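Chains as they are written, first to last, in the working numbering: chain S, 1 to 395; chain B, 1 to 395; chain Y, 1 to 395; chain R, 1 to 395.
Keep in mind that the hints were calculated from the coordinates and are not lab data. Bear in mind the structure is a predicted one, so any value in this text is a computation, not a measurement. Where a beta carbon is used, it is the ideal one built from N, C-alpha and C, also for glycine. Treat the hints with caution; some may be incorrect.
[To be verified] FRET-style restraints, in silico, Cβ to Cβ:
1) S:D52 to Y:Q94: 40 to 48 Å
2) S:R161 to R:A89: 29 to 37 Å
3) R:D52 to Y:S289: 34 to 42 Å
4) R:D52 to Y:R161: 31 to 39 Å
Number of protein chains: 4
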Amino acid sequence: MSKVGVWLVGASGSVATATIAGTVMLSKRKAKPTGLVTALPQFRGVKFCRFDSLVFGGHEVRKPDLIGELRSLHSNSGLFSPEVIQLAAGTFRQVRRRIRPGIAAGCGRPVEQMVTLDLIKRRTPAKVVAHIRRDLEEFKEQTRSSRLVVVNLSSTEPPFRRLACHRSLSKLRRALAKPGRSPLPASSLYCMAALEAGAAYVNFTPSLGPDVPALLELAEETGGLVTGSDGKTGETLCKSVIAPLFVMRNLKILSWVGHNIFGNRDAAVLDDPKNKSSKVKSKDHLIRSIAGYSPQTLVTIENIASMGEWKTAWDHVHFEGFLGAKMVMQFVWQGCDSVLAAPLVLDLIRLAVLAQERGERGVMKQTACFFKSPLGVEEQNMFKQFNMLAEYLKG
Amino acid sequence: MSKVGVWLVGASGSVATATIAGTVMLSKRKAKPTGLVTALPQFRGVKFCRFDSLVFGGHEVRKPDLIGELRSLHSNSGLFSPEVIQLAAGTFRQVRRRIRPGIAAGCGRPVEQMVTLDLIKRRTPAKVVAHIRRDLEEFKEQTRSSRLVVVNLSSTEPPFRRLACHRSLSKLRRALAKPGRSPLPASSLYCMAALEAGAAYVNFTPSLGPDVPALLELAEETGGLVTGSDGKTGETLCKSVIAPLFVMRNLKILSWVGHNIFGNRDAAVLDDPKNKSSKVKSKDHLIRSIAGYSPQTLVTIENIASMGEWKTAWDHVHFEGFLGAKMVMQFVWQGCDSVLAAPLVLDLIRLAVLAQERGERGVMKQTACFFKSPLGVEEQNMFKQFNMLAEYLKG
Amino acid sequence: MSKVGVWLVGASGSVATATIAGTVMLSKRKAKPTGLVTALPQFRGVKFCRFDSLVFGGHEVRKPDLIGELRSLHSNSGLFSPEVIQLAAGTFRQVRRRIRPGIAAGCGRPVEQMVTLDLIKRRTPAKVVAHIRRDLEEFKEQTRSSRLVVVNLSSTEPPFRRLACHRSLSKLRRALAKPGRSPLPASSLYCMAALEAGAAYVNFTPSLGPDVPALLELAEETGGLVTGSDGKTGETLCKSVIAPLFVMRNLKILSWVGHNIFGNRDAAVLDDPKNKSSKVKSKDHLIRSIAGYSPQTLVTIENIASMGEWKTAWDHVHFEGFLGAKMVMQFVWQGCDSVLAAPLVLDLIRLAVLAQERGERGVMKQTACFFKSPLGVEEQNMFKQFNMLAEYLKG
Amino acid sequence: MSKVGVWLVGASGSVATATIAGTVMLSKRKAKPTGLVTALPQFRGVKFCRFDSLVFGGHEVRKPDLIGELRSLHSNSGLFSPEVIQLAAGTFRQVRRRIRPGIAAGCGRPVEQMVTLDLIKRRTPAKVVAHIRRDLEEFKEQTRSSRLVVVNLSSTEPPFRRLACHRSLSKLRRALAKPGRSPLPASSLYCMAALEAGAAYVNFTPSLGPDVPALLELAEETGGLVTGSDGKTGETLCKSVIAPLFVMRNLKILSWVGHNIFGNRDAAVLDDPKNKSSKVKSKDHLIRSIAGYSPQTLVTIENIASMGEWKTAWDHVHFEGFLGAKMVMQFVWQGCDSVLAAPLVLDLIRLAVLAQERGERGVMKQTACFFKSPLGVEEQNMFKQFNMLAEYLKG
């Protein structure tokens with residue numbers, strides 16, 4: 001069995017921890033693939049890579065402590081049985097040895113304050129990209145992996161200004177060669193390194209990542225793969241099925257208000273208004289896109305420490321029916337962020353490997369249903385996005 | 001412009017009243033077609049019948065008082081502007097004159113207690129059908145309508161036992177010719193009369209109606225049309241988009257509880273446990289059908305007088321994600337029954353006329369997305385049902 | 001330090017288990033007295049009995065397995081840390097040895113199906129009472145307890161018809177001496193035995209228990225103590241503070257609907273319509289009592305297995321304000337039954353011991369705030385009930 | 001019957017309009033006093049002023065249009081029957097003639113943009129106060145009122161910095177005599193004028209108003225009366241009964257999040273972050289005060305235009321029970337702001353007149369239960385506040 005190297009950016013965060021622990025449990029057949037789209041009965045015929053073929057490594061800007069993270073998810077948020085902690089311990093020790101210092105350039109103040117490991121020290125961005133690429137290639141070699149998938153699970157970066165040098169690869173390379181302020185944030189530097197190594201890059205965060213024309217050019221050149229941004233795990237997922245309800249019944253959405261609260265490390269990062277603005281933007285464009293008009297919308301996301309991993313959203317939809325009657329639908333979503341995200345991360349790894357096997361390159365449009373901000377696809381209606389995936393997997 | 005005769009069973013109930021008032025407002029271009037599926041931009045190319053071509057008549061078992069009903073919807077449930085009441089008055093007087101006594105056979109105790117007009121008096125069911133048919137044909141003639149659509153808007157009947165004579169038209173005819181207990185409930189007698197008159201029959205209630213093999217046989221014979229049962233206007237509509245969310249993400253539904261409260265005449269009829277059981281059955285099979293397995297489900301529907309037309313549903317979905325994490329989604333739907341139903345009634349009239357124009361006969365499978373219990377179609381997923389309609393309208 | 005014997009009826013159920021485990025944790029100062037009313041700062045001056053003075057025994061109709069119960073609360077409902085299970089194990093083994101077979105007379109079909117231990121075998125009810133009393137007295141002696149408190153934590157019995165013999169102690173004794181159908185249900189037989197032993201009897205269930213004139217007569221005679229019925233832990237607790245809001249603002253409650261779902265053993269017992277009717281009655285009279293008029297009310301309580309200990313209630317309050325405006329308040333309570341009940345059980349034990357020390361007898365009216373159906377007190381407003389307790393504790 | 005002059009600041013806003021219309025309906029016995037605390041059966045013995053003794057006038061900074069406001073409340077927010085509009089019209093015309101231009105000093109940008117009538121034109125604040133006082137006295141004289149109550153119903157001002165000159169009346173008078181930036185915002189200038197006229201001043205808004213030591217000094221001097229600030233009509237009202245629930249059960253509040261949405265003119269004013277900060281502050285201190293410790297709290301209030309008068313709040317209370325179990329209570333309040341406020345305004349007028357009749361002066365502490373920010377009373381627990389009122393009314 002050939003191995004798949006999975007490189008996690010943010011390798012000891014809660015999603016990374018849940019992803020690795022979940023892989024152990026699936027490999028040992030101690031857990032069912034609940035929450036994995038690729039495990040749906042309708043996709044039974046597709047040859048996805050096996051869970052026990054995955055080997056993990058990654059970048060981290062904090063002192064990595066995977067077992068500590070898993071224990072704290074158990075005691076603070078009531079996740080995982082003691083059995084999971086016990087069975088995953090060996091793999092966790094192994095992964096820990098493969099973690100390298102990451103970069104926090106452009107990640108905003110909250111992340112910069114957490115940083116204890118940083119590979120950037122007076123180097124040009126180009127050298128940083130080269131360094132990351134070396135980390136990736138060494139990992140692939142040492143683990144004898146035949147495939148490489150990089151997944152960015154780090155916290156939300158502040159919005160990054162679009163620059164002229166983003167428009168073409170040659171301009172971008174020139175800009176990166178200069179010392180000083182990087183023309184790309186960390187997420188895009190990781191993406192660039194991954195693409196240069198011919199790997200697939202999955203951007204599970206709302207950060208800029210691959211959404212840069214020059215990087216898409218690079219993907220075409222190297223045969224690398226990229227996805228959209230920001231995993232769709234909770235409130236936005238709900239919106240992407242409920243908004244179509246109003247459209248299909250020709251009911252007029254008057255306003256849509258969504259308030260989100262949660263309390264993990266991600267939430268702490270979003271306490272900074274700059275980082276938060278990226279997230280809110282990623283969550284807010286959907287209603288307009290599905291409805292085809294612009295009702296008043298409001299999205300907030302707040303760090304409430306006691307909530308831990310439990311992200312709770314309250315959405316209030318005010319709508320108008322026939323003859324001016326105003327009505328209301330409300331929903332409350334009480335989900336656990338990391339265990340909703342982890343199976344989707346595994347799905348995206350499997351879909352990336354499948355695309356590599358099929359010899360594809362560039363944007364993985366078939367993954368639109370996994371992201372709040374798909375790349376290369378305008379569609380936000382979950383059903384239509386899911387149909388795209390189903391069509392692709394038939395092929 | 002050729003006219004479309006619309007015969008409403010339950011002609012002075014709240015849905016009928018809202019349907020007629022809405023038609024007046026649309027005809028006078030005083031209201032927008034909000035809530036009408038057939039008015040969606042994507043169906044702009046389809047030639048549906050015009051609103052001002054519709055003329056109304058109907059059966060009623062109570063003393064009809066359409067203006068009284070409209071006024072009470074305004075004062076008790078806050079519906080409609082005074083303008084609507086004023087503009088609809090003329091049409092209401094006209095319609096009132098065309099209302100004939102209906103039948104309450106097999107409608108259950110609560111309906112039987114309301115009855116002030118009843119055409120059944122020691123007649124065989126066959127004679128009742130003939131009588132209804134005559135009402136329909138006279139209406140069509142007097143209004144010079146070129147088309148006829150019968151819509152059943154009456155309250156829920158108790159479940160009706162399937163009988164051997166339902167299996168073929170010849171057996172059914174023999175059974176109907178006998179005096180005594182009717183082998184069909186009122187909803188099916190209306191349906192039979194409509195089909196014998198070559199009309200379309202839309203069963204907006206959970207009652208048995210056209211769901212009888214012998215009646216489908218009749219439709220094929222006479223060129224009549226029938227639909228599924230029980231308009232999908234609120235909680236079940238929500239379920240039919242939200243249940244697919246869990247399926248598409250491979251999240252396991254552990255239990256789904258739905259509590260409904262409302263307080264109009266329909267609610268009063270559902271106070272009788274027998275009538276209620278038809279409704280609950282119609283609302284409860286969906287989760288199983290969409291999920292493909294059988295989580296514990298519970299549906300209640302209760303008559304809370306103060307609520308009037310405002311049907312409020314609370315649904316609690318308990319689900320399991322990756323690694324055994326149990327999570328919850330809840331929604332609250334606060335909708336106004338009759339204004340949600342009325343535009344769908346207009347849609348179904350327009351779709352029936354279109355099918356007549358296209359020379360179709362039998363079950364209108366394309367209307368599955370309008371019903372809690374579609375006929376001839378297993379699919380309960382709203383998105384797939386909507387796609388069926390869109391495909392049909394393209395053709 | 002003198003010991004307090006606590007005899008739990010339903011000794012290996014979830015509330016009993018949580019109560020004993022909690023006592024261990026409090027005694028070892030490993031837990032804070034969160035949820036204990038008697039631990040409020042304002043009652044700091046009152047000399048309550050110490051947690052480490054409590055020793056437990058009890059009756060049980062199932063094969064007792066306290067550690068199994070604790071483990072299942074942990075794995076199914078996410079309660080308690082592994083530390084609790086470890087620290088409580090010794091005490092649990094001790095308590096297990098003191099458990100005696102209980103009685104299931106009049107407890108309804110679901111309980112009777114669970115019974116593996118039953119002390120009733122062709123004996124008259126009077127002999128059963130004598131037998132229970134002997135169990136209590138032996139327990140008190142063997143544990144060298146100076147005080148005895150009996151707490152009924154068993155599941156809801158069906159309603160029990162009031163009989164003429166309930167009216168006086170002499171009549172009751174005559175009726176109990178006859179063989180055949182017992183004139184009292186199990187809860188009242190336990191209560192009688194407790195009172196004959198001069199103990200306090202706390203009726204934490206909705207069952208009849210002490211609500212029998214003859215038993216109150218007995219309490220006065222023997223110096224025994226009794227309380228109201230049915231611990232107020234969740235939805236009803238909320239109602240008892242929220243209903244006064246509407247009263248204090250002179251807002252008119254139009255209707256109050258409360259739907260409860262949960263899935264533990266208690267829930268399974270309530271699946272039987274007879275047992276359920278006692279519970280619903282106990283939950284439903286409050287609004288009327290606080291409001292002083294009778295809005296339409298509805299209370300349901302349903303067994304949804306996946307919920308385990310997590311009792312979730314949705315309440316919908318429809319109310320009218322000035323000039324006829326109709327408005328809505330809704331609340332959702334997501335509480336964990338046994339950990340809400342256990343600290344109140346400890347409170348009631350401490351209050352019973354205090355009353356014994358003060359030489360009181362008969363109904364403990366000061367405990368009204370703990371019960372859905374207080375005894376000897378009409379007041380249902382939580383604030384007024386709490387003030388009664390505060391006044392009492394000042395004295 | 002002697003008349004009571006009621007001077008409304010913000011005389012053609014929604015609360016003013018509902019207050020006047022309600023007074024008309026109560027006077028004509030066409031409405032019940034639902035929502036009026038002073039109409040509670042328990043206060044039946046108290047001699048409150050009659051509704052038909054009230055005459056209205058007021059200040060307004062916009063072009064006053066009371067009938068327009070009433071009509072728009074009817075058509076946009078579904079309030080009031082056509083009968084109300086018809087019966088109130090005469091009184092509305094009368095009141096309209098008595099409206100004088102108000103002041104917008106320190107009211108923040110959104111209010112200043114609405115201003116079409118402003119009495120401040122290069123005058124010192126002292127002259128403005130004198131001018132307002134003259135308005136009040138002329139109104140009292142022209143309407144032959146024996147009593148005068150000023151109620152501030154205007155929108156929220158931004159927070160106003162405490163100044164040294166606020167500390168004593170003599171310093172304040174000196175500061176007001178100087179031209180330039182006023183040392184008091186509009187709400188406090190109105191209050192000062194009212195007190196100088198010996199009237200009662202009710203501060204129904206979160207603005208500074210009477211919360212200035214020098215003004216309390218003035219009240220003692222002139223025999224004027226003042227109240228706390230910011231009428232408690234919705235979410236905060238709920239908090240003030242629900243927070244005590246957790247206190248009385250010794251359950252630990254971990255976090256309390258409250259999100260409010262509404263869409264009337266008040267909401268538009270709160271769109272300005274400065275004005276909003278006063279409101280949020282007034283809503284946020286309560287939990288801390290009732291709990292006696294500081295759980296994390298969050299309050300937002302957002303202008304969602306489609307909501308009109310319907311203020312909807314979602315509160316999420318995360319709390320800890322025995323043995324570390326974390327639980328959740330949520331509530332949704334769907335109330336109509338102006339019809340909740342209007343009866344309380346009438347209550348406060350009646351209580352002010354009663355206090356005048358009893359010869360009281362200074363802070364009306366007995367009104368604490370009406371305000372988010374009571375004056376001279378720390379208590380935030382609604383039940384304790386209500387008991388204060390009940391005690392006062394007994395006296």
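Hint check:
1. Look at D52 of chain S against Q94 of chain Y: about 47 Å separates their beta carbons, and that is inside 40 to 48 Å.
2. For R161 of chain S and A89 of chain R, the Cβ-Cβ distance of about 58 Å falls outside the hinted range of 29 to 37 Å, so the restraint is violated.
3. Here the CB-CB span from D52 of chain R to S289 of chain Y is close to 36 Å, well matched to the stated 34 to 42 Å.
4. Taken as a hint, the range 31 to 39 Å is violated for the pair D52 of chain R and R161 of chain Y, whose Cβ atoms sit roughly 56 Å apart.
Consistency note: the structure conflicts with the earlier hints numbered 2, 4.
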